[in-house]
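Novice: Each chain, written out:
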Amino acid sequence: MLRLLNLELQKLLLNRTSKILIFVSFILPFFVILLSSLKINVFGFFTLELGELGVFNFPIIWHLTTFFSSQFKFFFAIVVVSMIGNEYSNKTLKQNLIDGLSKKEFILSKFYTIVFFSLVSTVLIALISLCIGLYYSSYNEFSIIIQQTNFLLAYFIKLVGFFSLCLFFGMLVKRSAFALAFLFILYILEWIIFGLITWQSDHQFAEKIQNFFPLKAMYKLIDQPFQRIAMSKFPEKTELVYDYAVHWHEMLIVLGWTGLFVFLSYRLLKLRDL
Amino acid sequence: MESILTINNLTKKFGNLTAVNNLSFTIKKGNVYGILGPNGSGKSTTLGIVLNVVNKTSGDFNWFNGSTSTHDALKKVGAIIERPNFYPYMTAEQNLKLVCKIKGVNESKIEEKLDIVGLLERKNSKFKTYSLGMKQRLAIASALLNDPEILILDEPTNGLDPQGIHQIREIIKQIAAQGTTILLASHLLDEVEKVCSHVVVLRKGVKLYSGRVDEMISSHGFFELKCNNQELLITTLKNSDLFTSIKTNDDLVTAFLKAPMPSDAFNKFLFDKGIILTHLVQRKESLEEQFLQLTDNTKN
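Protein chains in written order, with the numbering used here: chain R, 1 to 274; chain B, 1001 to 1300.
Just chain B, same shape as in the assembly (with noise of 0.2 Å):
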């Protein structure tokens, strides 16, 4: 597959501060990608120092496979880094002319990416009077304006209310499913799992995983139990040597599996065992379940 983006051993300290420590992925046209990682974790930093406006320390990056500078590849990119950025006192039409000549491209598109985001009847607006969610969608807009090989979107529904961030999502989405590449940064784990399929993770500028997002650990999943008899039910599991590790937490029972089992053939061998369940629940830890144990594991 086309690679997009690829970083190769990037650092960047400010001071005696290492924001990104020795960092290397590659983004591949057609997926979505994530970064993921805790407030100051180094992803913005990341994205500002292939988006031209972060100095590195050492390493290096290159776009297209280095077929451009940086500068040129970056007018075939859309990208939103944290607030949306424009001129005040300008219109939202107006803006985007001004980025059009900056990307050099046609300004018969103004309209049309103004229609995406819902905002043509307020095209002869001045900035400053929008909202923030306006303004966000402004944003997205003027990114979208080259028809973007990739988008890149920098904690996009930061400090927006509810209905902000659904609308945001709900272009995010359609903008995915039209098989642009995407390159969401964000510290909100489920917004990261609704969209993206796959998720580089990042703790104090280092990578601590990169791949799919199912992948993400080597986990069989895990069976929530409930019993009459919690006592029995817990020496059976203990005894019988399926499970990494058994939790309790009141009356629901948490087994985590060692090799994958489907949930038919575990309930039978229970009840061969003279066990009836009131409760099963075959799951797979979620993103933020998997993120905290990544995290938690890689401390000290």
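If we strip away everything but chain R, and leave its shape as in the complex, we get (with noise of 0.2 Å):
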């Protein structure tokens, strides 16, 4: 395992476009969070410190990063089409198999990525929190910072779920750009089938079969945050409640989705002749 992982290690990070996706995609927002919990003085008017809303208390500062920085997510979803593409433009995929790689080794490579970067970029955001939260929360009681770590949990699955799809798309249409438009494709494609059901019966039922769908699902695993903040500032408001928890069978959609994916992407692989 460690040797797949090395292996595609080295291919990415020799490489100076994916090495900037990367840091784009991970260490970016880790400094954009940093920054926005400083206290900012607009131009000597007003000073401008979220950390004063109450959003880096915890339990709900899990919610309100895991949420912000997934947002960041595609950029690594360019390096995992790419790196698929390239492997198809340069033939290299030919090459490693030649060399003595399985298909199935292959297709471990890929996904032993996508877990080891979703994982180092779950940790990071861990930390970050974890510090920022400490600075700033006003609660400070152990049993109330672990309260809501699920949402790391779900994070962590929300990228190896979006990031498998991007593999599947890589591997079957072979080209970075055409996959990208793809994920776009079926971004449309889930609202437009949406949009049929509610046309067809109701609103409620529509939601709930939407759900299903894997860009849907693995946007519901963390939700918008904002509402939840509002809701904390006016808790008199019942019309702003909602469910913002994340649910085990909200990850079981997504884990099933994400099996689904690297299965597929192997089947593709074995069958075709290169």
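Honestly, the hints are just simulated from the structure, not real lab data. None of the values given here were measured: they were computed from a predicted structure. Among the hints, a few may not be true.
Claimed, not checked - Simulated restraints, written as ranges between beta carbons of each label pair:
#, chain 1, residue 1, chain 2, residue 2, range
1, R, K104, B, L1294, 37 to 43 Å
2, R, G195, B, G1040, 47 to 53 Å
3, R, L35, B, D1161, 54 to 60 Å
4, B, K1194, R, V120, 40 to 46 Å
What the hints assert, rightly or not - DSS-like cross-link-like pairs, simulated, lysine-lysine; straight-line CA separation at most 27 Å:
#, chain 1, residue 1, chain 2, residue 2
5, B, K1258, R, K91
6, B, K1109, R, K91
7, B, K1268, B, K1258
8, B, K1056, R, K19
9, B, K1097, R, K104
10, B, K1128, B, K1101
11, R, K270, B, K1101
12, B, K1126, B, K1029
13, R, K91, B, K1013
14, B, K1101, R, K91
Think of the CB as a built atom: it goes at the ideal place given N, C-alpha and C, for glycine as much as any other residue.
Bring the two chains, given one by one in their own frames, into a single complex with the hints.
Specialist: What follows is the structure, given as structure tokens:
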């Protein structure tokens, strides 16, 4: 397993473009969160300090940071599709197999890399959230800190799921740009089907179905936190109440999709003549 | 002798097209094999199948008497397919390190193999800055990294300039001299003739011949003759019943032998008949002539 990971890391880290994109997708959110936690003086007119809004309180900080940094996953998605696209365009996939890598090992080396970077990203986010939280949070009891850390697990699963989808599209169309276009098409398709079901039956039923679609299922894992922040500010407004928690069935759906995408990528490669 | 690769009734169909048709042959240790065939005769497809990149339609093959799985067997094989494929943004050394990781061999071999192909000085240059000849030589170094039991080369001199072709051939000869089994696919006949001891001839995916190069067709060679009295020569030859056919091209007469005959005996025979030759050459068909004869005979 280490051998396969090592192999793929060499391919990625010696490539300048992927190095930059990896930096952008994992280190940038880290810094943005860090900066936003600082006191910012806007041209001397007023001081903006997000910490005073209470958004860096435990446990809400877990929700906020994971939601925010998962928006940067698109950059690493480019790396994932291009690491497949490049293997095809350089014909190095063929050469790897000739050199004695099995098709299964090839897919696994890509998948391990995805898991590795998702893990690194999760650990980074956990650390930065913990630090900022400890600095700002009004509650510092251990039992409160570890509340809702399942957002971190959700974040990890969300990343692995999304990148596995990219891996599958990369294998399917062999070209990075087309694979990204497919992602966009899938996004539109999910909404069209959602619209059709709403038209035929009702909105609630359509939403239930939509929660099983891959992109929506991944998005649903970590719901948007803004409403929750508003909720905590205006507890008397009951129309703001919504279900923001991470549910195990949501994780299960995404894990199911992840397994399917990795398996389909392998089947595709297995059946293909190179 | 130990067999390295055995192919049994291998067939590959691309839709309606049958690229490889019921092909069987065995590669024994220590020989240099050539796979000959015109473009599109199924050479590369056959190699692709045994190298795990093309899926077979039917039949089977096994490496090293079936003692290991194909992808493990490939770690003991060195192969170059058509064009050198490496990561353009990595240097030669980095590319070879990657191959070491895949094959699970020690990285200490890298310098030694780069030296064999004469690229040691350029080991820190990026692959994309290499010329085609250098790329091909790097591919050979990469194929040699694991000290393979068999080296598979698919058109290794394709697209190279004469100097590059010469360099590659010298390297192949060196490797063959060390006793490594080599399988060389090519449509260049003199290339195969120069290095191979055994040959498999393919046409449209069908095997026409496999065996030693010098036994390719049952021919006893031919004489090329010139003489001042050509008419007498031809009638004498026709009446002698020693030859299968006699061809005339301007003043050169070519006579194909029915049975082996040394040139001195033949010369004496003609001299006794009162014919004095001005030109006498005894030859065997070159591989090219044999190949064309073989592929021509089996047309239709």
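Novice: Indicate, hint by hint, whether the structure satisfies it.
Specialist: Quick rundown of the hints versus the structure:
1. R:K104 x B:L1294: 37 to 43 Å: At 42 Å between Cβs, range holds.
2. R:G195 x B:G1040: 47 to 53 Å: holds (51 Å)
3. R:L35 x B:D1161: 54 to 60 Å: holds (58 Å)
4. B:K1194 x R:V120: 40 to 46 Å: At roughly 54 Å between Cβ atoms, R:V120 and B:K1194 fall outside 40 to 46 Å, so the hint is violated.
5. B:K1258 x R:K91: violated (52 Å)
6. B:K1109 x R:K91: Since the Cα atoms of B:K1109 and R:K91 sit roughly 24 Å apart, the hinted pair holds (cutoff 27 Å).
7. B:K1268 x B:K1258: With Cα atoms ~18 Å apart, B:K1268 and B:K1258 stay inside 27 Å; holds.
8. B:K1056 x R:K19: violated (39 Å)
9. B:K1097 x R:K104: holds (21 Å)
10. B:K1128 x B:K1101: Given pair B:K1128, B:K1101 holds - Cα atoms ~21 Å apart, limit 27 Å.
11. R:K270 x B:K1101: holds (22 Å)
12. B:K1126 x B:K1029: violated (36 Å)
13. R:K91 x B:K1013: holds (22 Å)
14. B:K1101 x R:K91: holds (18 Å)
The structure shown violates the earlier hints numbered 4, 5, 8, 12.
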